[in-house]
Amino acid sequence: MHLPLLYYLDLFGVAVFAISGALTASEKKLDLYGVVIISIVTAIGGGTLRDLLLDRHPIFWFEDPVLLIVIITASIATIIYTRFHHPPLRVLLIADAFGLGLFAISGAQIAEAQNLSPLIVVVMAAITGTAGGLTRDILCNEIPMILKKDIYATAAISGAAMYLILKALGMNGVLAGVTGSAFVFAVRIAAITFRLHQPESKLPS
Amino acid sequence: MHLPLLYYLDLFGVAVFAISGALTASEKKLDLYGVVIISIVTAIGGGTLRDLLLDRHPIFWFEDPVLLIVIITASIATIIYTRFHHPPLRVLLIADAFGLGLFAISGAQIAEAQNLSPLIVVVMAAITGTAGGLTRDILCNEIPMILKKDIYATAAISGAAMYLILKALGMNGVLAGVTGSAFVFAVRIAAITFRLHQPESKLPS
Amino acid sequence: MHLPLLYYLDLFGVAVFAISGALTASEKKLDLYGVVIISIVTAIGGGTLRDLLLDRHPIFWFEDPVLLIVIITASIATIIYTRFHHPPLRVLLIADAFGLGLFAISGAQIAEAQNLSPLIVVVMAAITGTAGGLTRDILCNEIPMILKKDIYATAAISGAAMYLILKALGMNGVLAGVTGSAFVFAVRIAAITFRLHQPESKLPS
Chain H
1 MHLPLLYYLD LFGVAVFAIS GALTASEKKL DLYGVVIISI VTAIGGGTLR DLLLDRHPIF
61 WFEDPVLLIV IITASIATII YTRFHHPPLR VLLIADAFGL GLFAISGAQI AEAQNLSPLI
121 VVVMAAITGT AGGLTRDILC NEIPMILKKD IYATAAISGA AMYLILKALG MNGVLAGVTG
181 SAFVFAVRIA AITFRLHQPE SKLPS
Chain C
206 MHLPLLYYLD LFGVAVFAIS GALTASEKKL DLYGVVIISI VTAIGGGTLR DLLLDRHPIF
266 WFEDPVLLIV IITASIATII YTRFHHPPLR VLLIADAFGL GLFAISGAQI AEAQNLSPLI
326 VVVMAAITGT AGGLTRDILC NEIPMILKKD IYATAAISGA AMYLILKALG MNGVLAGVTG
386 SAFVFAVRIA AITFRLHQPE SKLPS
Chain W
411 MHLPLLYYLD LFGVAVFAIS GALTASEKKL DLYGVVIISI VTAIGGGTLR DLLLDRHPIF
471 WFEDPVLLIV IITASIATII YTRFHHPPLR VLLIADAFGL GLFAISGAQI AEAQNLSPLI
531 VVVMAAITGT AGGLTRDILC NEIPMILKKD IYATAAISGA AMYLILKALG MNGVLAGVTG
591 SAFVFAVRIA AITFRLHQPE SKLPS
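Residue numbers (our numbering), protein chains in the order written: chain H, 1 to 205; chain C, 206 to 410; chain W, 411 to 615.
Be aware that one or more of the hints could be misleading.
Stretch-level coverage of chain C by chain H, calculated; a stretch enters the list once three of its residues show a Cβ under 8 Å from a Cβ in chain H [as the list claims (entries may be wrong)]:
no.	segment
1	269-278
2	375-386
In the DMTMM-like style, the derived pairs of lysine to aspartate or glutamate whose C-alpha atoms are separated by at most 25 Å in a straight line are [what the hints assert, rightly or not]:
no.	chain 1	residue 1	chain 2	residue 2
3	W	Lys438	H	Glu112
4	H	Lys29	H	Glu112
5	H	Lys29	C	Glu268
6	C	Lys233	C	Glu317
7	W	Lys438	C	Glu317
8	C	Lys234	H	Glu142
9	H	Lys28	H	Glu112
10	C	Lys234	W	Glu552
Quick list of simulated restraints, FRET-style, between CB atoms [stated by the list, open to error]:
no.	chain 1	residue 1	chain 2	residue 2	range
11	W	Arg493	H	Ile94	45 to 53 Å
12	H	Ile80	C	Ala318	53 to 61 Å
13	H	Thr73	C	Arg261	47 to 55 Å
Hints were generated in silico from the structure; no laboratory data involved. Think of the CB as a built atom: it goes at the ideal place given N, C-alpha and C, for glycine as much as any other residue.
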């Protein structure tokens, strides 16, 4: 089972993703229900797709209603807060980077437990970390942000790859996981701080 | 197995959803095939996602080709009809409310059979009733209607909650199911009649 | 297992679909990662949805990393190529028709192995051949091309139906498969050559 600490980190991760969902949805003139549903999809979409692809049942949020309650609460709190204040976007970006690190490595570990090849493990890390935000953007009728110009999935992929490499080099699994998560976090923060983008791919005109 | 009456109600429900899919698609200059595929997705999308999440196999429409045949027939009939007449939108909204009531409660009952917690049962009711229409709107490149300003998923959620509460209070399952479905229907009809909307969530400007 | 020839045809099919994904994505100012992810989704999306719906685990691309490597390579090669040259669209349309024929019939055969009814077998052929391209267009925020005005899914459906009919008439399975694939290919090439479209469905104005 979860270590208590890991469990609270997980709750923190879904809450942060729920807030990011609520903020994106708020700009789209959705109704309250729409905002909450987008928060839910953002927070659990990646892990749900991972569980479906890996045939893990029950899906991770079925057994623990606390997850949904945390998400819904975070979403409603965001809606109320943003009626009176501008959201602290910088803080949220940092929290979101933290959540991405957590989810990417937990996705990698779950895929690893099924003895999948390293390439698939890395793909599962990316799916776990980013599919929720991708679905959020599709629902909001935008080209998904992560496809456009942000080092987001790239961060998840590099952190998961580092995690696998460290383990292959003999590092203890927990330590490798923490290092991998921290690397995802660091890449994201660097990307935000220095406004790094990946080069665009363009057809010749 | 299905009671015969329930089975015919189910067929009625998918037909109504198929028509709503065909009408939405018709406004988008899709070709005939596109309209039919959107009808299919609208009618079976919610139940399919529910079955995937709950690991129920075979998916409900695999075993009974009659469902697909009814959907395709309803879709083609709608295309032909709307070439000559304006569709009776009011009648369709009422029929759609009826379908939503059916699907929400049947989704709740299927989730209940897996001993899931009440919160998840209600979520499954909402998914069964609304995910098809949501996918329809994504395919038509619109922000899903149910996220914007209609008491639609809210109706499914309240009806499913009422169903669970009535059963917890000792009411017979069939009666609770009928009452829950009727409540979904009534909420939708009230929302349509009085043009009720949920408040928008907005960022301060 | 796969005959070697079939295996190489499969690799060819995913490569072609990956290139079509990369070309669509290139017009959308996505970053490099975004282009690669859209290539992957285009190439494996249809087969993945088929495997999920049919409860086939592990998903087909989990066991064979070569598939992903071919896709990623094809995608990156496309990005580099299109920086210097215009893509040979005519050649690609022909290759894509070939891939569609392969995927549609292989989807039909996989569904057949589960003793599903002919209608569902045909639906699975269509899903295997077209769901990847559909998801590509959703991610790129366009109304999916196949819903609009191209004989694409229609080609997959007619080829799968022909395959089933030929087998029912007693033709050898391999021969029926090749004929069905060839028919999909021929319908697509005819549609491209003569610019055939299906009639639009329109509401009276």
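Tested hints:
For the segment 269-278 of chain C, the proposed coverage by chain H is not satisfied: 0 residues have a C-beta within less than 8 Å of a C-beta in that chain, short of the threshold of three. Counting residues of the segment 375-386 of chain C whose beta-carbon sits less than 8 Å from any beta-carbon of chain H gives 0, not enough to reach three: the coverage restraint is violated. As the CA atoms of W/Lys438 and H/Glu112 are separated by approximately 34 Å, the hinted pair breaks the 25 Å bound. Only pairs whose Cα atoms come within 25 Å are accepted, and H/Lys29 paired with H/Glu112 is rejected, the gap being roughly 41 Å.
Note on H/Lys29 and C/Glu268: the hinted pairing is violated, with a Cα-Cα distance of about 41 Å set against a maximum of 25 Å. For the given pair, C/Lys233 sits about 38 Å from C/Glu317 by alpha-carbon distance, which is inconsistent with the 25 Å threshold. Between W/Lys438 and C/Glu317, the direct Cα distance comes to roughly 44 Å. Violation of the 25 Å bound is thereby established for this hinted pair. With a C-alpha separation of about 21 Å, the suggested pair C/Lys234 and H/Glu142 falls inside the 25 Å cut-off, and the hint holds.
With a C-alpha separation of about 38 Å, the suggested pairing of H/Lys28 with H/Glu112 is violated against the 25 Å cut-off. A hinted pair counts as satisfied when its Cα atoms are at most 25 Å apart, and C/Lys234 with W/Glu552 qualifies at roughly 13 Å. At roughly 35 Å, the beta-carbon separation of W/Arg493 and H/Ile94 lies outside the given 45 to 53 Å, and the hint is violated. Hint check: H/Ile80 to C/Ala318, Cβ distance near 37 Å, so the stated range 53 to 61 Å is violated.
A beta carbon spacing of about 30 Å between H/Thr73 and C/Arg261 contradicts the range 47 to 55 Å that was offered as a hint.
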